[in-house]
Amino acid sequence: MENLIAPLIAAPLLGAAVLLVGGRRLDRAGHWIGVVLSFVSFALGLVLFADLLGKGAGHRTLTQHLFSWIPVAGFQADVTFRLDQLSMTFVLLITGVGSLIHLYSVGYMAHDERRRRFFGYLNLFLAAMLLLVLADNYLLLYVGWEGVGLASYLLIGFWQHKPSAATAAKKAFLVNRVGDMGLSIAIMLMFTTFGSFAFGPVLGTHEEPGLVGDASEGRLTAIALMLLLAACGKSAQVPLQSWLGDAMEGPTPVSALIHAATMVTAGVYLIVRSGAIFNAAPDAQLAVTVVGAVTLLFGAIVGCAKDDIKKALAGSTMSQIGYMVLAAGLGPIGYVFAIMHLVTHGFFKAGLFLGAGSVMHGMNDEVDMRRYGGLRKYMPVTFITFGLGYLAIIGFPGLSGFFSKDKIIEAAFAKGGTEGWILGGAALLGAAITAFYMTRVMLMTFFGEERWRDAPTPSPAEPSVEPAAETGGEHTEPHPHESPKVMTIPMIVLAVGSVFGGAFFSIGDRFLNWLEPVTGHDHGDAPLSAGVITGATMVCLVVGVAIAWAQYGRKPVPAVAPRGSLLTRAARRDLLQDDFNHVVLVRGGEHLTRSLVYLDHSLVDGVVNGTAAGFGGLSGRLRRLQNGFARSYAVSMFGGAALLVAATLLMRAV
Amino acid sequence: MSTTAVHSLWTTAAEPITKIDAPKIEYGQLSPTLIVIGAALVGVLIEAFVPRRSRYYAQVFVSVVALCAAFAAVVALAADGYGTTKAHIAAMGAIAVDGPALFLQGTILLAGLVGLFTFAERRLDPVAHGNRVDSFAAQAASVPGSDSEKAAVRAGFTTTEVFPLLLFAIGGMLIFPAANDLLTLFVALEVLSLPLYLLCALARRKRLMSQEAAVKYFLLGAFASAFTLFGIALLYGYAGSVSYARIAQVVDGTVTDVDPALADTMGNDALLLIGGALLVMGLLFKVGAVPFHMWTPDVYQGAPTPVTGFMAAATKVAAFGALLRLLYVVLPGLRWDWRPVMWAVAIITMLGGAVVAITQTDIKRLLAYSSIAHAGFILAGVIATSKDGVSSVLFYLAGYSFVTIGAFAVVTLVRDAGGEATHLSKWAGLGRRSPLVAAVFAVFLLAFAGIPLTSGFAGKFAVFKAAADGGAVPLVIVGVISSAIAAFFYIRVIVLMFFSEPKPEGPTVAVPSPLTMLAIGMGVATTLVLGIAPQYFLDLAGQAGVFVR
Amino acid sequence: MSFPLLTATAALPALGAVATAAVPAAQRTAAKWLALLVSLATLALAVTVLVRFDPDGERYQLTENHAWIRDFGVRYELGVDGIAVALVALTALLIPFIILAGWHDADPLETGSRRWRPTQGFFALILAVEAMVVISFEATDVFVFYIFFEAMLIPMYFLIGGFGDRAHAHGEETAATQRSYAAVKFLLYNLAGGLIMLAAVIGLYVVAGSFSLSEIADARANGTLHMATSTERWLFLGFFFAFAVKAPLWPLHTWLPNAMQEATAPVAVLITAVVDKVGTFAMLRFCLQLFPEASKWATPVVLVLAVISIIYGALLAVGQRDIKRLVAYASISHFGFIIMGVFAMTSQGQSGATLYMVNHGISTAALMLVAGFLISRRGSRLIADYGGVQKVAPVLAGTFLIGGLATLSLPGLAPFVSEFLVLVGTFTRYPVIGIIATFGIVLAALYTLVLYQRTMTGPVKPEVSAMPDLRAREVLVVAPLIVLLIFLGVYPKPVTNIVDPAVKQTLSDVHKKDPRPEVEAAK
Amino acid sequence: MNPVNYLYLAALLFTIGATGVLIRRNAIVVFMCVELMLNACNLAFVAFSRMHGNLDGQIIAFFTMVVAAAEVVVGLAIIVSLFRTRHSASVDDASLMKL
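Chains as they are written, first to last, in our numbering: chain A, 1 to 654; chain B, 1001 to 1549; chain C, 2001 to 2523; chain D, 3001 to 3099.
Chain A on its own, in the form it takes in the complex (with noise of 0.2 Å):
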């Protein structure tokens, strides 16, 4: 059965190949074979799936050796896949919202020139995210850490031809880098303390412990601390969030699929993988759980700021990403609901984008909320789909964010301590604030008078994004309307999935029991009953919405944005982190490669230069001695002659 593994990867890599090197003959049928290659390995997905449950929950680990990779003295990488209830969760997330994001493309590329190329890399992005999730060591999973930031660049660079976009591209990949220089160097902390850097003899099963047990706590911090760098690159944890935003840039099904339900996930799996290194390194769990409150508060703030609809929506998921890496930091008590909420969230998130890209493909690829309103007439599905998730996010009782954000506020008071109470609250904070801004989308897109109306061309501050500026769409007055049922199909699937998912995972701890055997799990002591905490999160809940509504349900909403108080300049301006990039990395790094290209020129090449000039003019003044006469020739001799003389004599004296 673990033979059905690497076909699982096989599938939508042998897509990107064909696609990419296929050609324009492609071009006519190739997205259908990027949607069929990702629904094939789905489909390897749910047959794995079946095999794990049909065992028992002991052995629900498959591992497959293809081929020894790095075998050099002391150093062996192998190609070797390890399936079990963590990365099969994985798998079925990705191929099963991948799927239908691929679906969902056919539609929405499909005026696209290019369109090929855009499944071949959607594919390659399956692949490679699979691989990291499926590697049986670190280093593979590098292979597929970096191959996702590939597919991200390449996906987010898709319409090079707009500088933002081939920047934002670049800036995503680089921000990664930093991200991936952490885990090769986390990588190479293991093989120097561990001597391998495989999942097995390093982390161990629950039953008999890894190596881990052996290494000391200051190694171990220092590798868990550096596991961390990599999720915040990935994972667009602060500090390195910044590229998020601007990865908004990117094709909308990209956005829902890489930049918010898989890809951006990544970071959380890594911790929860490493889940033995952390749990022996508390210091590190500790930052892990500051940077996740920092950011679920971060990307909350930064959400209720935006006007553009994907990028407030992408404010939402460094939120919730947050949410989740906060769970994780807490250790066994929340490696299950880190995870829960990861799945969840990828069914409600997903949902959202698709539904954003549907509102926007209706509005001539408008993104301005100020610009929308009222829309629910006429796009009901996408109003639908799109408040199913609104309410799921939210933490709506009963719908799947409710059961998965509640857990890990409940895990975060239950870490006890001040520790808990912080985090808590900064938990149930963030929840006020999901609730308002996400309200405030609901409401500036679905509700309200219709300003589009009036509308005239959309700023040129923010160019159109989407297909339309391929095809050179005409910006007349929109002419709002349904998404096609190729779209707004896997809409509602994804809509179905974030109203009873959470539920269905709860309920009867499914989930838990599940996963348990791979991360582990203790309940901590909650300081709070569960029923309190849930209560308080209902009420910041209410709180949030009536704010939301106060400011725009109940007085129009004006089509340009108000000044705003200071915080919300600095969070349109992403509480002016990229300034800060901007002064001191990018203008710094210019000035210093600017001094160092005049250094090499003039001092390193000007020694050498020097040294050459100095022979040429020492030359030039011993060739006047050749002065052409013959008597001072004779001189030359004769003083030569004295010296010869007077030197062996001297010779002799000493």
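Derived from the structure by calculation, the hints contain no laboratory data. Hints are not guaranteed to be accurate.
[To be verified] In silico DSSO-like cross-links for lysine-lysine, where the CA-CA straight-line distance does not exceed 30 Å: (1) K3098(D) to K1206(B); (2) K1503(B) to K1206(B); (3) K1503(B) to K3098(D); (4) K2461(C) to K162(A); (5) K2504(C) to K2493(C); (6) K2461(C) to K2493(C); (7) K3098(D) to K1019(B).
On the provided structure of chain A, position chains B, C and D as indicated by the hints.
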């Protein structure tokens, strides 16, 4: 002061001269020299009696035959073991017949032969009034630009005297490294110098420069030989004899029969040291070592290029040979006195030659300075004072001389209206015009620069190895540095030839007769053979590495 | 006495060079084909060497040993260990692509003098370089190595100075002067290095009395040869200096940008992918084997210089305006990695370094050759003159991107494996150095992506709007390289298998063992 | 009288000759100075020959004279031709070639 000596002098004078036993001369062993000198005399007679139009051919014929015969004689002697086992001193202690002598004589003869070919070249200069002319003055006696000169040119005169002169010079050179007493040394020195002085003055084009070169060379040469002679006088005063063996004994203090006069002078080291220094200085002048080098650039530039080539090659060989013999046979006892001094000379010679060459603009002057630098390298080998040192120097000289003649032969090919175009700017883009010539010249330059797989590298390696073995590591390092500097200007010429656009009014490359081709071919051949498969010649030099005492 | 395979591998291109040079001026195309065929035949020979070589056999195999210059204690002694085999194969592999890529680079602009045959010269010189490089990889006699190490400068020098990019921005005249400046700079740097090495070579002879690696090794083993510490250090420095210039190592690197900038892309590849490898190879082969103690003594300094090279090269690459210059500085950074791996003295480091030499050869070839195709289309080397190329020439852009990704050593492509090995190998013994070096991978991403963004993306510049996509010949050049990059990235085992035993040997030469993991050490 | 004095005289003459070479312009005079040096050498030879009581020195003196004569022949030829070309025998005028 010893009255006995005086008395003896009187008495010997008073005694009736019974009989003087005739000196014993091993003609066979001196045959190379004798052949060459004899041929020179024949050449003089030819000048006197053979009609003008056939002189050239007669001269060339005689010279070629003589040189070949002499070379054959050298080979025969060497084969007979005179280089190794039967090495001894011939002609009543005047001339040594041993390995170094034979090796150098062979080299000189071959170099002379090749030089002779360039002398005899008659295709390069445009045909003047229907008769081919070589690169020597139509009539040396006639004033440049005068009617008589024009007349001479119209009549198609050529100075065929150059061939006997060349032979005389070669004769002197053959004796020079073989001379085994100071008197022979001095005479040989003059015999090789005087013809060269004259040859320098005989250029067909640019005669003013030619004459100037001759004057400078002559005056400075005479000046130098005066020093040499004085040095000889002092050494004679010190040792009471001019024979190398005797002086060496006296220096080492191994002399048996010490009469009071000798005892008196022996005590006076100043005589020895000053004398030795002056003598060495005379030889350093000939090899063109700093600071006795200043004649080199001017003379090399002014002299007719074939002469320059011959001079640069053969004179160096002969002079270094003499220097070696002097230092190894006569003054080994003084090693600790002269070595430091020679170190200094070698170092400033290597560096000086290389540095000054950087800014030269005339190809002949450039080569002159490069020859100075090479003199420095060879000196490094001389200083090694070991058998390896000797053989390495011999090897270096053999390789160097042919490359030099070849290089100057190439210089004769590049001509414009005013004769040879020696200014570097004229060489721009030569590689585009005639790649072959440029390539050949590049090979020579690379050999000078000591790039591996050329004779230059093998020689340099041999010399430096010997020096390092002899403990002169600093010398090796200086040598390496100056080679790096030297490389720069050789490369410059190559750049000029290949990478810069040819000038529209640039020079043309004359198509030479087989003679010059032979000379150049010889150069290329030796460059590559000695570069790639030097072992045989190293063996030769190795066997020839021992001086007879 | 069996067929002298190693000699043949070097002799064939040498003869080919002569033959190519001899082709008459008119038959230009014939010369090209001849050169190509010879290079392919050489590749075949190299493959035979590869096949005949037994990784677990003797250290030096296919050895040949003949007397050459007795007086200098020189024997014509050839033999290959795993490292040499890999590099010989690399050389033989790249040359056909170089020739194919430079197919039209040496077509004379104007039919000049009848005798002037640039095309024949160009390809003959390339083959000559191949011959010399190959034999210097195979030489197990220091002197033989030195001779060809030096001699290969001459053909390289003519290649750099004689042939440049077409349609130079400032006219042919200035181009010629810049070229010859670059060529002279190249030659003088390397010649200076070589001559200093010559002094050391002579010194070695004086000390050891032999040039044969094996003899010297034996003499060391049975104690007949004992080098004084100071002597060994001086000799080491003499050798290392030459190799550091060739490699090149900061601060001796400045000749490389000029050379690669002025030379045509294939020649630039020849420099950085083939010729410079001799330098790094020689460090591994000669510095470590002949002077183990001195090597260990110098390690800290060398490592620091290497790290400087890595960061410095990358930073300067970021600051470049000229595509080829950028690649040159990138190479400097990569050579930093190689040297670091060599001197880390761990099996991962040195295997990685060797692998790196191979991979860097291929990746740079891919990137530089595509860059060359790009430049030949637009007639400019300046990054600013390009933009939006991917829209008009997607295949070109795609290959360029892959080459770039290889340069930033993306996992899944060959360079990643070697780079990671080098980093790990260094990290295990020198963590700080390793971590600093890791910053190099971020910078690598920076300069590569900036280059790609500026040239390939964004709105299409009018000058490039008519740019044709890759032609069949060009695809033929790039495609195999890319396939190789991916293959060796996924399955480097064939190379590591060959290299590993040789590296073990080298490590045992310097008496070094890999540090043990902490947990084992604890037990 | 002590023959050593003759040596001093010889040295003196030699120096005078050398100085003459260095300071005089006229080629003929310079040449004469060289001759003077040679003769100084002769004197030294003879003096030494007297001291050592063997004839070598005297023989050498004869050789030297011959050589000197030969030098005169060659030298005068060159100098005269130079003079005829330039109408001056000044060695300083002959400085076309320099640097």
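Hint by hint, here is what the structure shows:
no. : hint                 : verdict
1   : K3098(D) to K1206(B) : 15 Å, holds
2   : K1503(B) to K1206(B) : 23 Å, holds
3   : K1503(B) to K3098(D) : 26 Å, holds
4   : K2461(C) to K162(A)  : 13 Å, holds
5   : K2504(C) to K2493(C) : 16 Å, holds
6   : K2461(C) to K2493(C) : 44 Å, violated
7   : K3098(D) to K1019(B) : 58 Å, violated
Hint check: violations occur at hints 6, 7; the rest are consistent with the structure.
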